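Asks: Residues per chain, in single letters:
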Amino acid sequence: MIELRNIAKYYRTGSVNTYVLRRITLDIREGEFISIMGPSGAGKSTLLNIVGMLDDASEGEYSFLGEPVHQLNEKKRASLYKEHMGFIFQSYHLIDELTVYENLETPLLYKKIKGSQRKSMVCDTLDRFQIVGKKDLFPNQLSGGQQQLVGVARALIANPKLLLADEPTGNLHSAQGKEIMDLFKKLNEEGTTIIQATHSETNSAYSRRIIRLHDGWLESDE
Amino acid sequence: MIRNYLTVALRNFLRHKGYAAINIVGLAFGMASCLLVLLFVWHELSYDTYHPDHERLYRISTMGGTEADVSLIAGCSENVTPHLRENYPEVEQVFRIQPERPRTVRFNDQAVQVDNIKYAENDLLTMFHMPVIHGSSTGALERPHTVVLTRPIAEQLFGVDNPVGQTIQIDTAHYEITAVVDASPTNTHLKFGIIVSWSSMQESDWRHSWDGGFFKTYVKLAEGTDPDAFESQIATLIHEQIGERLAENNRQAILFLQPVSDIHLYSHCRWEAEAPGNINNVYIFSVVGLIVLLIACLNFMNLSTARAASRASEVGTRKVVGAARTQLMGQFLGETLLTALLALAIALLLVDVSLPAFNGLAGTGYLFADVFNPVMMMIMGGMVLLVGGVAGIYPAFVLSSHRPAHMLRQTNAGHFGGRNFRRAVVVIQFALAVIMIVGTMTVYKQLDYMREQPLGFDLKQKLVMEMPRGAVTFATHNTMKYEFTNHPAVTAATFSTSVPGRWNYQWRCFPTGEAETNMHTINWYGVDRDFLESYDIELIAGETFLPDCRGAMCEGILLNEAAVRTFGWGSIDETPGKHLWAENRPVIGVIRDFHLKGLQSPVEPMGMFIMGEDFRYLTLSIDVNNLRPAMTFVQETYDELIPDELFNFFFLDEDFDRQYRAEQKLGTIFGAFALLGVMIAGLGLFGMASYSAQLRTKEIGVRKVLGATVGNVVNLLTREIIVLVVTANALAWPVAYLAADEWLATFAYHTSLGWMTFAWAALSALAVAVVAVGYQSFKAARANPVEALKYE
Chain B
21 MIELRNIAKY YRTGSVNTYV LRRITLDIRE GEFISIMGPS GAGKSTLLNI
71 VGMLDDASEG EYSFLGEPVH QLNEKKRASL YKEHMGFIFQ SYHLIDELTV
121 YENLETPLLY KKIKGSQRKS MVCDTLDRFQ IVGKKDLFPN QLSGGQQQLV
171 GVARALIANP KLLLADEPTG NLHSAQGKEI MDLFKKLNEE GTTIIQATHS
221 ETNSAYSRRI IRLHDGWLES DE
Chain L
2 MIRNYLTVAL RNFLRHKGYA AINIVGLAFG MASCLLVLLF VWHELSYDTY
52 HPDHERLYRI STMGGTEADV SLIAGCSENV TPHLRENYPE VEQVFRIQPE
102 RPRTVRFNDQ AVQVDNIKYA ENDLLTMFHM PVIHGSSTGA LERPHTVVLT
152 RPIAEQLFGV DNPVGQTIQI DTAHYEITAV VDASPTNTHL KFGIIVSWSS
202 MQESDWRHSW DGGFFKTYVK LAEGTDPDAF ESQIATLIHE QIGERLAENN
252 RQAILFLQPV SDIHLYSHCR WEAEAPGNIN NVYIFSVVGL IVLLIACLNF
302 MNLSTARAAS RASEVGTRKV VGAARTQLMG QFLGETLLTA LLALAIALLL
352 VDVSLPAFNG LAGTGYLFAD VFNPVMMMIM GGMVLLVGGV AGIYPAFVLS
402 SHRPAHMLRQ TNAGHFGGRN FRRAVVVIQF ALAVIMIVGT MTVYKQLDYM
452 REQPLGFDLK QKLVMEMPRG AVTFATHNTM KYEFTNHPAV TAATFSTSVP
502 GRWNYQWRCF PTGEAETNMH TINWYGVDRD FLESYDIELI AGETFLPDCR
552 GAMCEGILLN EAAVRTFGWG SIDETPGKHL WAENRPVIGV IRDFHLKGLQ
602 SPVEPMGMFI MGEDFRYLTL SIDVNNLRPA MTFVQETYDE LIPDELFNFF
652 FLDEDFDRQY RAEQKLGTIF GAFALLGVMI AGLGLFGMAS YSAQLRTKEI
702 GVRKVLGATV GNVVNLLTRE IIVLVVTANA LAWPVAYLAA DEWLATFAYH
752 TSLGWMTFAW AALSALAVAV VAVGYQSFKA ARANPVEALK YE
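Residue numbers (the numbering used here), protein chains in the order written: chain B, 21 to 242; chain L, 2 to 793.
Hints were generated in silico from the structure; no laboratory data involved.
As the structure is a computational prediction, the values presented were derived from the model and not from experiment.
Just so you know, even glycine gets a beta-carbon here, dropped at the ideal spot from N, CA and C.
Here are the simulated BS3-like pairs of lysine-lysine, each with C-alpha atoms no more than 30 Å apart in a straight line: (1) B:LYS154 / L:LYS18; (2) B:LYS155 / B:LYS139; (3) B:LYS155 / L:LYS18; (4) B:LYS139 / B:LYS154; (5) L:LYS699 / L:LYS18; (6) B:LYS181 / B:LYS131.
A few chain B positions that, by computed beta-carbon distances, are all more than 12 Å from chain L: (7) ALA28; (8) ARG43; (9) ARG49; (10) GLY190; (11) THR212; (12) TYR226; (13) ARG229; (14) HIS234.
With the rest of the complex left out, here is chain B:
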């Protein structure tokens, strides 16, 4: 599903290139549940962003479902992304001005899904995550766990093949974190490919493959 070949990412500071990622080569098949681990600054988020097409690699090749992502233009990449991926963030990134219902609806709007179908999809999702009672609340009226639940719901509403999660439980209590991880596990069993970046050994225990990064190098893949 995902093939990374010699992916590198650096930032230019003055005349020196500061590397965040170095020569990462990685294959990920459909249905996997992967944790990317490593200390702060190891390049976890960067790798996740590149895989999620939120950022470009400086060097190397990346193909997703057989499409050479590094050669695609913005429009093609956006449609590929829109079709197949969902993203979850440590700090949720919900749109503050929109209610829970409207936040869930937004990705569907961008996918140009018709009104009635959109409505039923949002209602199904609200049901599935048991947040029907919160649908008219704004993000700042929810607890962190509840906000992340909405974030997960939003990421999953269009049934993506691949779920990317960047420290999904980083801002949550352990109980709330466990709920999210149990949810991930269930989703993976239903067929969704999941890649999460995490610090937590507890969280990584849910996954079946652990990739460790250190100073931008791929240290181990088990």
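Following the hints, complete the assembly by docking chain L onto the known chain B.
Replies: Leaving out everything else, chain L in the frame of chain B:
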């Protein structure tokens, strides 16, 4: 999708009410002033363009005088019209008009004073756009003693009744009303109150002469006529008739055409029907209006951009959930366009509210509905598109082009906003504001200067009555003066053909025995013997009029210093004893120059003679401490002596001040716009300050933890603004100086540009800026540092 955008836009408005209000209201004020200026410009440019086939309408004017002293005169000999009618097939229609003095018009026991009475021929009614309300325009002005009323006069005398067929009395003569036409619009140089048929005009020697007799004459050329060819055909018409006489005196009288729609702005002939407009003012006001709009637009752009930058996270999130770049651009552009549209709505409201004041100031008669003509609508649409588009394009492009990973990481959105761009905006705004403040202050300084300059005569405590024609004769004028001074509060009375600030005779003369090329146009006042003393005009050489002269003894004339200079006589003391053509009158004395007109123009050469007729103005010197009894006495005396006419008077100082009406108007408009500009700029700065204080919360927190006092922090936040405003001043001063200097140079007598003007402009701009920023800075500086640092 649209609903989603609208929801976000609306909730953003509500969440940042203050910001949204500043943004929208500022823009609305800018748009409103721009719309008002547009209305003014539109009005000025629309003069006499509403007549049918207006591009074929021309006035025939005369270029007369000698080669050394050419003057353009708004009219031509009365004989031109019949000549054109008979001999020129390309003249489709032609008419003459001649203004009459203000008269009392009566119907039964009703009487009104009508200022705008003109004699005219029937073609006027069909050549010019004059909607007929009652009667018919066909032949309405053919017979003698017929009149056409305009609606306001008809309503004053007859209410809503149809007055056609009734008879009114003007002075002592009776006239039959043949039609009522609509009131003259404000955008015509020819305005009418009552139109009297041409054949009713009194016959006299000076009519029907090819030489002189300047009657305003209008022609409509047949379709397809080349106006240039026609003009060259008629140019020498007068010379063909009286060429010899003109050549004898070395004079010329060349006819030329003026397009009717150009007269208001471009014609500066002698004896125009009304004071012409000024194309320069049209330019100045356009620029000023645009400046205010520009300041408001910059604000809008600046604040929109700043706000958009703080929405980086929303943009990132939208990208993450699948927004394409074009969709995001659409969202931001849509939002700014919507805001601009809202501002336009408020601007229209402001226009509606300020329209009466505007009409008074600009001399227009706009209704609110007039704002919605197609051209204005297009301009408004363009304004919204431009303002909304430009303000939206920056965030639309910049924000949507970043990779989402950057956007989401962005904790300090300020980096997106382009600090230098914002600094530049503040500098430009304040520079424009400073230019306008300097402009306003210069106009007022010049007005004060002109009003305070000694005029060379005594303007104060003078009540002037304009006497009806024929009411006073040489035989009765002394008795009348005696009657009016028979009260302790009336200290003097004097008759004259003119008073300063009003129309006066202008004749050409040359010194007897000198070359005819030394012929010049001289302003003449016919006066009685008390005039010099009453007006306190100084005699500096020779002697004044003899107290009791008869016949030839009264022929002596007085000239002013300017006239002595004009004739090139050099010495003032040697002037008495010279003689002036045409009647070979002896110059008996020289008077000190005094201002006949406002200080815009230099003192012109003028002369005085003892009057024998045309007792037009009676000036009474009044003791203002006893104004009320004096006024009662004057009115009673008037009613007793001239019972048939309405009592009409003015105070000389007030009347003379009308010379400065154009400058006063300019000052008021400039002042209003300058105030608006400064306010909008200040408002924008206030918005920006609150925004940047918010951005720098963390920095301020850290500084306070490290021991910064409130004073240090306020200083930190305001220092930059002060630097920007000072820069703005440095940029604005040279521009303002040049513009103000150029404007002042158009006045014959003008004030100087002191550094105080610039200092005040700088200080007021600085004060506005410091107040706008200070409050926010102080608030930010006073905040608890722990609060600030908790943010991360």
